[in-house]
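Peer 1: Now for the letters of each chain:
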Amino acid sequence: MIFLNVNGKSYEINVSGDLPLLWVLRDYLKLTGTKYGCGIGECGSCTVHVDGKAERSCRISIGEVRGGKITTIEGLPETHPVKRAWIEEQVVQCGYCQPGVIMQVSALLSESPNPDPEKIISGMDNVICRCGTYPRIKRGIRKAVQLMRKEG
Amino acid sequence: MMNKPISRRSFLKKSLAATGLTLAVSVTPFGYKLLNASDQKEGKLSSFKPSVWFEITPDNVVTISVPNSEMGQGVRTALPMIVADELEADWKQVRIIQAPAADPFKNSVFDSQITVGSASVRGFYEPLRKAGAAGRAMLVMAAAQTWQVPEKECEASMGTVRHKNSGRSLTYGQLCQKAAKLQVPQDPTLKNESEFRYMGKPMPRVDIPEKVAGIAVYGLDINVPDMLYAVIARPTAYGAKPVSYDRKEAEAVNGVRKVVPTPNGIAVCAESLDAAWKGRDTLHVKWGEGSHPGLSSDFIEQHFIEGLDKPGVPALKIGDAKKALGEARKKVEATYFLPFVAHVTMEPMNSTAYVQKDRCDIWVPTQAQTATQLAASKLLELPPEKVHIHTTLLGCGLGRRARADFVIDAVAASKVVGKPVKVVWSREEDMKYDFYRAATCQRIVAGLDSQGRLIGWSHKIACSSILRYLNPAAIKDGIDMYSLGGIVDYPDSHHHNQTVYDIPNFYVEQYLSDLPVPVSPWRSVQNAPNAFVMECFMDEMAHGAGKDPIEFRLPLLKNNMRARRVLETVAEKAGWGKPVPKGKGRGIAQHSCFGTYVAQVAEVSVNEKDGTIKVDRIVAAVDCGPVVNPDPLIAQIEGAVVMGLSTALKEQVEFAYGGVKSANFDDYNIIRMSEIPDIEVHIIKSREKIGGIGEPGVPPTAPAVANAVFNAAGVRLRRLPMTPERVLAAIRQK
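Sequence lines, in order, name chains A and B.
138 is the number that my numbering gives to position 138 of the first sequence; each next residue is one higher, with no gaps.
231 is the number that my numbering gives to position 79 of the second sequence; each next residue is one higher, with no gaps.
Incorrect hints may have been included.
[As the list claims (entries may be wrong)] Below, a list of computed lysine-lysine pairs in the DSS-like style, where the Cα atoms sit at most 25 Å apart:
1. B:K766 x A:K138
2. B:K725 x A:K138
3. A:K30 x B:K430
4. A:K30 x B:K571
5. A:K138 x B:K353
6. A:K119 x B:K766
[What the hints assert, rightly or not] Over 10 Å on every C-beta distance to chain A, these chain B residues come out as not near it, computed from the model:
7. S424
8. D450
9. K730
Hint data in this document are derived by calculation from the structure and do not stem from the laboratory.
In this text the structure is predicted, and so the values were computed from the model without any measurement.
No residue lacks a Cβ here, since even glycine has one placed at the ideal position from N, Cα and C.
Let the hints inform the model, and build the full structure from the sequences given.
Peer 2: Encoded structure:
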């Protein structure tokens, strides 16, 4: 039996500890917002927060995150500046990679009280968007920082 | 706007219980007809449904059905905007649903329900405008009859009809049941452009909020009660057949239910994905060596180069190219090669099927509802209408999802196990079992006269045949028009995929490769590879003639105002002709396909020490005729440029031992964020015929970059991708 804390809720599941967090979230907890893209940590679609840090859920087993605080795209508040910026700037196309992108950006934003958008942008080369929304992801990041600054 | 998220529950629930006015369009080979599709319950009209496209119910909701697949292009917003505008509905009362697979939802461009060929808006613009306008006319008539006043005294606006003289008003909800009884006008008066309420103005996409929230449902997110997961063991080489496998051992794995041979391999069905994967590992399939054990990347390149010297079939003959070349003052010759490129949709292929005694349900991120329905119908020997297609959101389409190969294994497996089956592809399977963008090798010899004018052009194309996999019967006299897209098109084609230039004494010959590597349309079909060849060669000829690339092209565009205009617009916006610093260069290219004209200027820096190309800026000018939703249109061009850059600089599928060697993102390179330049998109205000927008942005990018590299470093790169190694090799040979 493994105990997980996801989006503030406690779950106990009867699966082997070596299962990747990604598939436990998707198939057992039915939190399908976290996406499978490559399974080798190369594309970033499966990014979630573990204790506030961006992690590739396809490369981390549930045994390793036992006791940790996991946040998925569903658990990031609707009012979060990144989510709002993504809607305001109409960043998304097919949207499949975006939960991972949003989770990575929000984790990078929380690393500093006064984040530098250009520094965050330069830390985004490990995510892939096949629709080519990169120009708008950049705009979204700048907008999110702006929203954060405005609201303190 | 009420855009109800398409939840898992509503997918499974059989809905469409109608209660108002519904309008349908019946597409026939002779055009289309507006039909009253209002639901009759016990002889009483309960809703206004003057077409299958929309329905108005007494609760004042306008429900609009979208037949096309949403893959990020914004079709779920654009098509309803057209209907709502002409109908004069209030966007706030509009609810949008995904249409099922059914004949009335076929796109007249293809006579199929399919989202390809940049054809959604261009195919439905006119019928949807008419359907909306007919609905508005009927609602006005219903109000006039209610008040017993002339129709011309009544006006529809934002979901309400008002009587101008008395100030009385009724909502569409109040009028819907009366309107449902009226005749549908076949030729309703459309709005003038100045009266458009939504079209031409940016409308936020309706699918974005649920995608940002993480609650949008893609194919991989489908969860049907009691379903099994299946993964497929597939051959490692083309044409390989299983020699042996351990069925019993796999079925002994905890959680594995059954091993089922399917059309594309051997399916391991299990209670969880993990168990299915474990089961597949223990199958220990021994595969035969396949049909082409020597197939490798080098073999393929050599095969296409040799194809240029094999006899081909003449595809186009205008004037006498041979004679003109004989009389030319100067000849320019060049050979280009473009490798196979993978689609790599972010959501790997998947589908879920549930086959029951006399029905089949398929939940699938598909671009091709009709083809999927027919494929399942054939496999199950069920009438097509008993195959119910539930289209989910698509995690990219790019042409890959227009095939049904990833659906039939789920159907075949579900038929055997008697339960819903979800087939999941790994990224590696998605990469290796793709239908790739066709590889091609092309050689052009052209002649210039004493004034540097083009007088003759002889073009040999060795390429894979797309139609061989798509529709072999459409290969006419040995010619595959799909593989010639952007150079030659079918006569009277809907796609307008012929070159924009008037080329005198023009000869095109095609040699179709017989390699076993399957190919299919890949965003813009062969327009992008062919545009690379055409536009790089234009630049080579301009250089050979000692002319500016735009100056060289303009005389060939005398009869093509739209092509001239995008070229001149992009030149002005990009500052064409202004000097560039050393090490930097500027290149131009243009192309027209699917009724839209796009020209692009690329600015690049070439590092002559390490061979890297940095693209600093891309400027695009676009003429697609009337614009429905401008912001997603710009997003489509931005995305197309990014894809164009990725193929220009990064992408190539590698082959070895008779099969595909590339497997995942660690060995198949896709462009990343820091490599993306500023992209400026300029939309030309145009009243020309409406064109498509999903694909036409791709073709000009790679040739614009290659031409800019020549301008910067004086080297011609005639092979994609333009990797640093190839740039360095070209510089050394200079």
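Peer 1: Of all the hints given earlier, name the ones this structure violates by number, lowest first.
Peer 2: 7
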